[in-house]
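Novice: What follows is the residue order along each chain.
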Amino acid sequence: MPRDQDLGDSLATQVAEAAQTRTALRIEGAGSKGFLGHAVTGETLAVAGHRGVIAYEPVELVLTARAGTPLAEIEALLAEHRQMLAFEPPHYGADATLGGTLACNLSGPRRPYAGAARDFVLGTRIVNGRGEILRFGGEVMKNVAGYDLSRLMAGSYGTLGVLLDISLKVLPRPPAELTLAQEMDAGEALRRMNEWAARPLPLSGAFHDGACVYLRLSGAASAVAAAQRRLGGEPVADADALWHDLREHRHGFFRHDAPLWRLSVAATAALAELPGRWLLDWGGAQRWYAGPAAPEAVRRAAAQAHGHATLYRGHEGAARFHPLAAPLAVVHRRLKAALDPAGILNPGRLYPELEEPGGLGGLSRGE
Amino acid sequence: MDAALLAELRAILPRPGALLIHEEELRPYECDGLTAYRRLPGAVALPETIAQVQAILKLCHRHGIPVVARGAGTGLSGGALPLDEGVLLSLARFNRILALDPLARTARVQPGVRNLAISEAARPHGLYYAPDPSSQIACSIGGNVAENSGGVHCLKYGLTVHNVIALEVVTIEGERLSIGSAALDSAGYDLLALLHGSEGMLGVIVEVTVRLLPVPERAQVVMAAFDEVPAAGRAVGDIIAAGIVPAGLEMMDGFAIAAAEAFVHAGYPPDAAAILLCEVDGTNEEVSEHLLQVHDLLTRAGATQIRTARDAAERQLLWQGRKAAFPAVGRLSPDYYCMDGTIPRRRLPEVLAGIASLSAEYGLRVANVFHAGDGNLHPLILYDANTPGELARTEEFGARILQLCVEVGGTITGEHGVGVEKLDSMCVQFDRAELSQFHAVKHAFDTEGLLNPGKAVPTLHRCAELGAMHVHGGALPFPELDRF
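These protein sequence lines map, in sequence, to chains A and B.
FYI, full-length UniProt numbering numbers position 315 of the first sequence as 315, with every residue one higher than the one before it.
FYI, full-length UniProt numbering numbers position 414 of the second sequence as 414, with every residue one higher than the one before it.
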């Protein structure tokens with residue numbers, strides 16, 4: 001396979017034909033995120049071959065690449081220019097692509113301090129469910145022409161469109177970085193992580209692994225050194241490996257067979273009392289729970305903490321994503337129909353009910 | 001407006017002054033900040049509760065009456081222009097800060113709260129709300145969301161969409177939607193992103209939860225003067241290439257400098273071709289380190305004069321000139337027309353040259369004030385509305401500037417929105433299928449098309465009549481032709 005190629009027209013043709021015959025399509029990149037969401041039955045639409053960096057202007061802080069471009073390739077190119085994807089995306093596999101990252105809206109430890117994948121999207125070119133190639137947003141920081149359908153693609157798991165090209169804002173890599181560890185329990189860590197985040201400190205990561213809180217400082221060398229004096233704690237020797245393992249779920253916490261949940265909650269919400277183990281990332285706003293609690297109990301705990309829970313692993317047959325409130329479900333159903341009227345793009349990956357007549361709020365198909 | 005309908009509205013809004021129907025009461029609502037377009041609304045509703053908003057929208061939905069939502073009315077593209085047979089729904093009475101949680105760093109506010117009032121309320125806790133449109137003293141947060149408004153801080157701290165975590169929205173059917181939450185993301189589609197910048201077309205915003213950031217330990221501004229515009233443009237690139245993301249990076253051309261200087265006496269060199277204002281913020285140490293670097297980069301880029309504010313008062317004064325640039329230019333001309341295009345920064349010299357040739361072609365003067373850090377241009381076209389035909393010529397000139405922005409890979413609006421003003425330019429930026437997709441999304445929220453109809457997204461018919469040339473990413477037909 002040639003390394004860089006533009007398969008946009010061919011992908012659009014395949015989608016248009018599938019729309020004609022109402023054939024469900026299972027969009028597949030490198031497959032590294034296949035475990036997220038519900039399984040899709042349908043013909044495979046292979047998008048990994050649509051790859052290559054189209055434009056990168058370090059001085060503009062903008063990079064445009066085809067969706068099948070490996071994340072590793074993009075990160076290496078940025079590193080050459082001392083720049084980075086500030087949302088620090090998890091790869092979950094060596095071949096992870098940019099498209100899959102955005103479709104799942106995955107962001108790493110830097111998220112609370114720098115923003116999520118969706119926050120760095122400037123523009124996209126997509127194929128909608130009619131097989132039309134559409135372009136939204138652009139390659140500039142500010143753009144309010146038309147509805148923001150580019151950011152809508154983030155986290156839509158390929159159910160609203162096939163991502164072709166993505167323009168992202170990139171940022172300079174901080175010249176200095178240091179990680180400090182302090183022993184404390186989870187309750188205190190939660191309080192302290194929130195207090196620190198409210199102060200003008202060069203924070204770029206804060207997590208608690210059950211025993212210790214880890215703070216990452218990034219910025220000018222003098223600023224990092226000054227913050228270290230103010231915060232105290234023990235510098236961590238191999239900090240890059242620590243954050244990498246956390247991001248990629250290679251940290252010891254994740255190496256168990258218990259069902260694994262991601263709870264996205266208010267950073268200040270009290271800890272839920274569920275049997276099992278917890279890891280607090282994102283300064284307390286993203287909590288990983290590994291334990292046997294019933295799905296309903298986990299959902300309830302997440303809702304009480306003003307958030308939602310996603311099932312990453314275990315509880316075969318259970319819904320993967322948090323149920324939507326009825327009025328929101330109606331909007332979801334209509335939006336899906338607006339972008340993919342034949343319901344052929346990754347049907348069921350996000351909410352299987354979206355595809356069922358009478359599901360999600362009781363609207364009829366095609367409304 | 002129909003008497004029976006007014007009676008029903010009156011029943012929802014019994015308090016005196018909550019429903020305006022007489023011409024003299026309606027007059028203040030005939031336009032927003034874009035005064036070139038005026039129309040009297042059928043009635044103005046000033047609800048005070050979400051239940052009233054729901055009831056009004058349900059009523060309008062039942063009777064097929066169009067509704068235009070309005071905040072502080074500071075929009076500059078006619079997004080809140082009323083409809084004669086429609087209801088203008090003012091959210092001016094939704095003006096309370098409902099909750100502020102310093103530990104969680106969030107504020108839950110009503111849509112009519114002024115942008116600056118949020119930062120004022122947060123300041124005692126060492127926090128502030130980052131997006132700062134120039135009109136922040138008057139504009140309200142609901143309108144900021146509807147327009148995804150920007151400001152000087154955008155390059156470093158993002159737009160409104162990056163700083164809002166939850167919305168309460170009422171649909172035209174009167175249904176209340178809770179979008180987003182106190183968490184950093186939500187299940188399902190990112191409706192929060194979709195609502196931002198949707199110009200009141202998808203729903204009426206009745207509550208906003210914003211993120212607050214710690215006030216930086218220190219902020220410092222440097223002013224640099226240049227005797228040619230491209231040198232100033234290169235300096236912008238040099239600063240960013242050095243790994244510094246300034247909290248603000250603004251540029252003014254010679255005309256704007258002279259106007260601002262005559263107005264506020266900020267100490268700008270009046271004979272400079274361009275000045276840059278570069279603000280760096282962060283911890284004490286970081287600001288010191290960055291200031292040294294910026295000073296060095298500006299010198300090497302050929303700055304003829306560099307001034308660092310010695311104290312807060314001087315910093316304010318340096319910014320004052322920039323913030324007052326619009327009224328300052330306004331003193332030089334009976335009227336001016338503010339454009340709002342965005343371009344990739346590296347194309348700045350050619351776009352400015354293009355604007356200068358257009359200025360000569362149309363015989364209209366232009367002052368350039370812009371957010372250099374993020375490529376958002378605000379060319380101000382000076383004209384006189386009392387000269388017959390001059391407004392039309394100005395608008396045509398403006399549309400040509402926006403076309404130029406699209407041709408170099410930019411967009412027709414960076415922060416002011418499309419409104420009614422840039423409907424024709426939408427036909428330049430988007431093709432038929434894209435515009436159809438926008439209409440389908442609108443339909444998903446508002447099947448009958450009753451919310452702010454006729455704004456933001458042109459009909460395909462309008463584009464066809466205009467015969468607009470579709471330009472994408474600079475891929476022009478006949479690229480060899482000179483278009484300036």
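Just so you know, the hints here were simulated from the structure itself, not pulled from any lab data.
Quantities reported herein were computed from a predicted structural model and do not represent experimental measurements.
All C-beta atoms in this analysis are idealised placements derived from N, C-alpha and C, irrespective of residue type, glycine included.
Do not rely on the hints blindly, as some may be mistaken.
Computed Cβ-Cβ distance ranges for the label pairs, DEER-style [said to hold, decoys possible]:
{"no.": "1", "chain 1": "B", "residue 1": "Pro28", "chain 2": "A", "residue 2": "Gly52", "range": "25 to 35 angstroms"}
{"no.": "2", "chain 1": "B", "residue 1": "Leu103", "chain 2": "A", "residue 2": "Gln182", "range": "13 to 23 angstroms"}
{"no.": "3", "chain 1": "B", "residue 1": "Pro270", "chain 2": "A", "residue 2": "Glu80", "range": "36 to 46 angstroms"}
{"no.": "4", "chain 1": "A", "residue 1": "Ala221", "chain 2": "B", "residue 2": "Thr304", "range": "28 to 38 angstroms"}
{"no.": "5", "chain 1": "B", "residue 1": "Glu396", "chain 2": "A", "residue 2": "Asp6", "range": "33 to 43 angstroms"}
{"no.": "6", "chain 1": "B", "residue 1": "Glu48", "chain 2": "A", "residue 2": "Pro235", "range": "31 to 41 angstroms"}
{"no.": "7", "chain 1": "B", "residue 1": "Pro28", "chain 2": "A", "residue 2": "Asp240", "range": "58 to 68 angstroms"}
{"no.": "8", "chain 1": "A", "residue 1": "Pro341", "chain 2": "B", "residue 2": "Gly64", "range": "43 to 53 angstroms"}
{"no.": "9", "chain 1": "B", "residue 1": "Leu103", "chain 2": "A", "residue 2": "Pro235", "range": "24 to 34 angstroms"}
{"no.": "10", "chain 1": "B", "residue 1": "Arg93", "chain 2": "A", "residue 2": "Arg199", "range": "53 to 63 angstroms"}
Novice: Pro28(B) and Gly52(A), beta-carbon distance inside 25 to 35 angstroms?
Specialist: violated (55 angstroms)
Novice: Just tell me: holds or violated, for the beta carbon distance of Leu103(B) and Gln182(A) against 13 to 23 angstroms?
Specialist: holds (19 angstroms)
Novice: Does 33 to 43 angstroms hold as the CB distance between Glu396(B) and Asp6(A), or does it fail?
Specialist: holds (37 angstroms)
Novice: Between Arg93(B) and Arg199(A), does the beta-carbon spacing fit 53 to 63 angstroms?
Specialist: violated (36 angstroms)
Novice: Evaluate the given range 43 to 53 angstroms for the C-beta pair formed by Pro341(A) and Gly64(B).
Specialist: violated (25 angstroms)
Novice: Just tell me: holds or violated, for the beta carbon distance of Leu103(B) and Pro235(A) against 24 to 34 angstroms?
Specialist: holds (27 angstroms)
Novice: Is the hinted range of 31 to 41 angstroms satisfied by the C-beta distance from Glu48(B) to Pro235(A)?
Specialist: violated (56 angstroms)
Novice: Please test the hint of 28 to 38 angstroms on the beta carbon pair from Ala221(A) and Thr304(B).
Specialist: holds (32 angstroms)
Novice: For the range 36 to 46 angstroms, tell me whether the beta carbons of Pro270(B) and Glu80(A) fit it or not.
Specialist: holds (43 angstroms)
Novice: Regarding Pro28(B) and Asp240(A), is the given constraint of 58 to 68 angstroms on their beta-carbon distance met?
Specialist: holds (60 angstroms)
Hint compliance for this structure: hints 1, 6, 8, 10 are not met, and every other hint is.
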